[in-house]
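Number of protein chains: 2
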Amino acid sequence: MPAITYELIRRDEATGARAGVLHTPHGSFPTPIFMPVGTQASVKAVSPDELEDLGANIILGNTYHLFLRPGPDLIREGGGLHTFMRWKRGILTDSGGFQVFSLGPLRKITEEGVTFRSHIDGSKQFLSPEISIAVQTALGSDIVMAFDECVPYPADRTYTADSLARTLRWAKRCQKAMTREDQGLFGIVQGGMYHDLRAESVAALIEMDLPGYAVGGLSVGEPPELMYEILESTTVLLPADKPRYLMGVGTPDCLVEGVARGIDMFDCVFPTRVARNGMAMTWTGRLVMKNTDYTHDHRPLEDNCGCYACRGGYTRAYIRHLVRAGEIFGLRLLTLHNLWFLQDFMRQMRQAILDGNFPDFRRNFLATYRSASKNKG
Amino acid sequence: MPAITYELIRRDEATGARAGVLHTPHGSFPTPIFMPVGTQASVKAVSPDELEDLGANIILGNTYHLFLRPGPDLIREGGGLHTFMRWKRGILTDSGGFQVFSLGPLRKITEEGVTFRSHIDGSKQFLSPEISIAVQTALGSDIVMAFDECVPYPADRTYTADSLARTLRWAKRCQKAMTREDQGLFGIVQGGMYHDLRAESVAALIEMDLPGYAVGGLSVGEPPELMYEILESTTVLLPADKPRYLMGVGTPDCLVEGVARGIDMFDCVFPTRVARNGMAMTWTGRLVMKNTDYTHDHRPLEDNCGCYACRGGYTRAYIRHLVRAGEIFGLRLLTLHNLWFLQDFMRQMRQAILDGNFPDFRRNFLATYRSASKNKG
Numbered sequence: 001m002p003a004i005t006y007e008l009i010r011r012d013e014a015t016g017a018r019a020g021v022l023h024t025p026h027g028s029f030p031t032p033i034f035m036p037v038g039t040q041a042s043v044k045a046v047s048p049d050e051l052e053d054l055g056a057n058i059i060l061g062n063t064y065h066l067f068l069r070p071g072p073d074l075i076r077e078g079g080g081l082h083t084f085m086r087w088k089r090g091i092l093t094d095s096g097g098f099q100v101f102s103l104g105p106l107r108k109i110t111e112e113g114v115t116f117r118s119h120i121d122g123s124k125q126f127l128s129p130e131i132s133i134a135v136q137t138a139l140g141s142d143i144v145m146a147f148d149e150c151v152p153y154p155a156d157r158t159y160t161a162d163s164l165a166r167t168l169r170w171a172k173r174c175q176k177a178m179t180r181e182d183q184g185l186f187g188i189v190q191g192g193m194y195h196d197l198r199a200e201s202v203a204a205l206i207e208m209d210l211p212g213y214a215v216g217g218l219s220v221g222e223p224p225e226l227m228y229e230i231l232e233s234t235t236v237l238l239p240a241d242k243p244r245y246l247m248g249v250g251t252p253d254c255l256v257e258g259v260a261r262g263i264d265m266f267d268c269v270f271p272t273r274v275a276r277n278g279m280a281m282t283w284t285g286r287l288v289m290k291n292t293d294y295t296h297d298h299r300p301l302e303d304n305c306g307c308y309a310c311r312g313g314y315t316r317a318y319i320r321h322l323v324r325a326g327e328i329f330g331l332r333l334l335t336l337h338n339l340w341f342l343q344d345f346m347r348q349m350r351q352a353i354l355d356g357n358f359p360d361f362r363r364n365f366l367a368t369y370r371s372a373s374k375n376k377g
Numbered sequence: 001m002p003a004i005t006y007e008l009i010r011r012d013e014a015t016g017a018r019a020g021v022l023h024t025p026h027g028s029f030p031t032p033i034f035m036p037v038g039t040q041a042s043v044k045a046v047s048p049d050e051l052e053d054l055g056a057n058i059i060l061g062n063t064y065h066l067f068l069r070p071g072p073d074l075i076r077e078g079g080g081l082h083t084f085m086r087w088k089r090g091i092l093t094d095s096g097g098f099q100v101f102s103l104g105p106l107r108k109i110t111e112e113g114v115t116f117r118s119h120i121d122g123s124k125q126f127l128s129p130e131i132s133i134a135v136q137t138a139l140g141s142d143i144v145m146a147f148d149e150c151v152p153y154p155a156d157r158t159y160t161a162d163s164l165a166r167t168l169r170w171a172k173r174c175q176k177a178m179t180r181e182d183q184g185l186f187g188i189v190q191g192g193m194y195h196d197l198r199a200e201s202v203a204a205l206i207e208m209d210l211p212g213y214a215v216g217g218l219s220v221g222e223p224p225e226l227m228y229e230i231l232e233s234t235t236v237l238l239p240a241d242k243p244r245y246l247m248g249v250g251t252p253d254c255l256v257e258g259v260a261r262g263i264d265m266f267d268c269v270f271p272t273r274v275a276r277n278g279m280a281m282t283w284t285g286r287l288v289m290k291n292t293d294y295t296h297d298h299r300p301l302e303d304n305c306g307c308y309a310c311r312g313g314y315t316r317a318y319i320r321h322l323v324r325a326g327e328i329f330g331l332r333l334l335t336l337h338n339l340w341f342l343q344d345f346m347r348q349m350r351q352a353i354l355d356g357n358f359p360d361f362r363r364n365f366l367a368t369y370r371s372a373s374k375n376k377g
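Listed in order, the protein sequences are those of chains G and U. Here the first sequence is numbered in my numbering, starting from 1 and rising by one per residue. Here the second sequence is numbered in my numbering, starting from 1 and rising by one per residue.
This list has only true hints and no planted wrong ones.
Once the Cα atoms are required to be at most 27 Å apart in a straight line, the calculated DSSO-like pairs of lysine-lysine come out as: (1) Lys172/G / Lys108/G; (2) Lys176/G / Lys108/G; (3) Lys124/G / Lys172/G; (4) Lys290/G / Lys124/U; (5) Lys172/U / Lys108/U; (6) Lys124/G / Lys290/U.
No lab work stands behind these hints: they were computed from the structure.
Construct the complete structure from the given sequences, taking the supplied hints into account.
Structure (structure tokens):
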């Protein structure tokens, strides 16, 4: 039995949206699923208890950051990432590829891997498919991501094709380097904005028979319509019995559009980052808490919300005060609210798929959400 | 029945240490008691639930800060400070005097009150005994502090005597300005480092028959021996049936020495501030978590500690990583640990008083604590 398996419960005929269950060594979780990001062995400002309470089931850890600090040896010595950070449910680790490629002039790519300088101390570092897998093996995440290049946008066809070919060679090296029975390797579909290269990528990865497939290289600056078009042409080629993960996407409109195109898994720093910037996510758009609209607003962030902040009676006026005063508890409340909001959003999408009314859900949500966002700037 | 009353349970004959119960409109709490500081309607980084969980019973709110932001009218509109910040147990508010006098050249004192410039926006502001009480009335704290001048150290006799006389006139104006049945006003003993002025202050305050008395103007830079000497000569004059509060003191050695001199209540930013600076308080001294001693230390901050961090299995190595990485969850764990430590410290002191072995407790603690602090820098 592979470490990671996917069970399809219902597929929405009109759109391709899927309700399923993801089975991992640390539990079985309903999909579609949103994974909060715990970059440095902590989802910023939030405790593992709070994550469980708000319904998070898998979190993402960043191999690049943990490789540099505190280092894989220390985390292995501390019992692996789950034990080190006291998180009992699922963990997916990225490969570090996205971060090292983002370093721009500070990195150099060869067939062997990528040489780069640490953003912490400027020291020279090296990551390769084998090293990325060795780090993720030490971390002991449930889902391991292949070491890839996320092609920037725009990129010409030659660059994209060459990069894709190397990413596929790297994926095979990653697969060969896997040693643990309790981990599953996901391949990452690349190919930039070229439909045929995406198709080539999918075909090569399917041949590797991996337990899951991610779609990478999207939401990198291209227009949303192009992103959705590439996403759709990619997901229709992916096998129905494997989970599909759209990397780095987490705004509500992108989530509903991703689900509509058959995506099962998402991650993004968006909900936690906007919380630290003083913003609350709601069903009708974002609230900028510093806004004077909320000075005398003694209502919760959202009516009938079950998050810690709203059910605890914390008001917009109080949270606004905390944000203005720079109090950590303010960003804690907003982080808990935003993460709850996205978990609730995913639950409601899943229910709509099960009930056969996902197209209505999608249409109604986008109508309300977009217009409210526009009004609130 | 006054809003605030004190019940003496047992007095240690050898030292004068007292175990008692403080009755307030928001509950009855065992003393001696340590009050965490919630400057801006939040104990930094901590939720009210967490405060209850670690055994905090009264917290302190700062009138100066809340006066400037968000302002007393907004907090009254939000149901008072308890409701605004969702804290069900006791609140003591200071008068704002300490903060405005700390502003140095930015403030001007007259008989009427103090004119000062806001540290937030530089705007001209005014606080007087009547305004301080009006603000604290709006906040709805259980214990209201009189508006006083905390005389700096050193200060000559003439300045100290003049300041004390004004502080006593202000105390009477405060008493006159009180309007709520559910609040009790504490007077503040001043008089600098002059025993006779301290005695004069005590006599005048006792004549006012207030529900409690604070000792102010200590721990302002004087040598510890002088502080203990002044404290002792003050507390012996205070009535046994009223609570005594030593303001702004919260290091473990000062707490045990304060209790030994008959103090029942303490507050200090110390445990929360050192947590944010990456330090853990323990029975044997402070741990500087960035220290490489803890890199591979997979033990809890303190053995057999019942705090959230220690009982949750978070290790020194993990917390060190979080502190170095600047993760908010690291300072949350340290804050919860330090506040628990002080609550536990107070509980154990109280038990020692009840068991009749407080002198042993004091001797043993100071021997272990001081030597360990010296070793660890």
